[in-house]
Amino acid sequence: MTLTVFQSIATILAIAFGAILTRVLPFFVFPENKKVPKFIKYLGKVLPCATMGLLVVYCFKDVDITSLSAILPQIIAVASVVITHLLKKNTLLSIFVGTAVYMILVQFIF
Amino acid sequence: MENKKTNYYKKVIKYVFPHTLPVLTGFLFLGIAFGVLMQKHGYNALWTTFMSAVCFCGSMQFVSLTFLSTAFNPLLAFIMSLVVNARHLFYGISMLGNYKGTGKLKNFLILTLCDETFSINTSVPCPSDIEKKHFYFAISLFNYLYWVLGSFLGGIAGELIKFNTKGLDFALTALFVVLFIEQIKSKDNRLMGLFGVLTTLVCLIVFKSNVFIIPSMLLILGILAVNYYSKNKNSAQKTNTEKSEGNNI
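Protein chains in written order, with the working numbering: chain G, 1 to 110; chain B, 1 to 249.
What the hints contain is simulated information worked out from the structure, not anything from laboratory work.
Don't take each hint at face value.
With a straight-line Cα cutoff of 25 angstroms, these simulated SDA-like cross-link-like pairs (lysine to any residue) come out [what the hints assert, rightly or not]:
#, chain 1, residue 1, chain 2, residue 2
1, G, K89, B, I184
2, G, K45, B, K166
3, G, K38, B, Y144
4, G, K41, G, I20
5, B, K106, G, I40
6, B, K11, B, I184
7, G, K89, B, G103
8, G, K61, B, K106
9, B, K132, B, N107
10, B, K106, B, L21
11, B, K133, G, I109
12, G, K89, B, L28
13, B, K10, B, T122
14, B, K166, G, L21
15, G, K45, B, N232
16, G, K41, B, F108
17, B, K106, G, F17
18, B, K106, G, L25
19, G, K61, B, T122
20, B, K185, B, G103
21, B, K40, B, A138
Because the structure is a prediction, the values reported are computed rather than measured.
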């Protein structure tokens, strides 16, 4: 552990607080008797997808794009996730295959 | 009377459980991966279970490993949690109607809303002989328990087996890639998904790896707002400027 027990608990609670805030806010701002503005409804429809795009990019933020041995395992593993998912449509299987491929690549090949 | 009630709850469980099975397997796997990684950073099963129970935000918990293994910075951890979990805002907005009138159970439903619960809620119909609040509650409760159980098991496994976990964190990338594919399956979403990826990429290049998330979100929101209001300007005049200003926060 890099942090002390107190620091760890504070960090975990800070993260929990952030998560709780994002969950409670919509229901707090729009109680049952209040009408939801059209723009917010529009956001509710389009944002989940745009956010997933953002999170995918987030995962690659620390990949060193000047190093072939860093990029290749990522590309191969992502491709295996996509192919498995398109063929089998099974979320768990796709994650499992992708992770296994990546672990084998970084541990034994690159 | 008692018997009738028990039978009713059995019926609810019988209907809901099969729909949550993919989540059971997924959360067990990811939970175990998370528990093992926590163990690697010096946090035992107790820590992992505690964190999963109070945070219940899988992807952010993976991200938080960074915050637990570098200098103490709870404010940045909080902001990052807001950003990574911001999609809950959008799930919440979509669930405003579904969770209406769920009474005492509503708080639990709100606090445990996650990607998987959202996707079941929106894709599985509630049968007429089951009360809506019990239907949603069962889904949320099952998924919550799977995650806590999975991370507990992972914490234990991490203590028992010593294996090379290098690359295990790819599980998170794989999860996001799969969720992304699921999103862009519908044709209407494709442009939006591409838009999210491109905007974030631009911000990543401009702002570098540590701070690009918040600019990305602001840029995404800004462009969507501009797009929405420029489209509506012609068709409906009633969308007043007051509203658009209020949405820039």
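* Output the numbers, in ascending order, of every earlier hint that fails for this structure. => 2, 3, 6, 7, 8, 11, 14, 19, 20, 21
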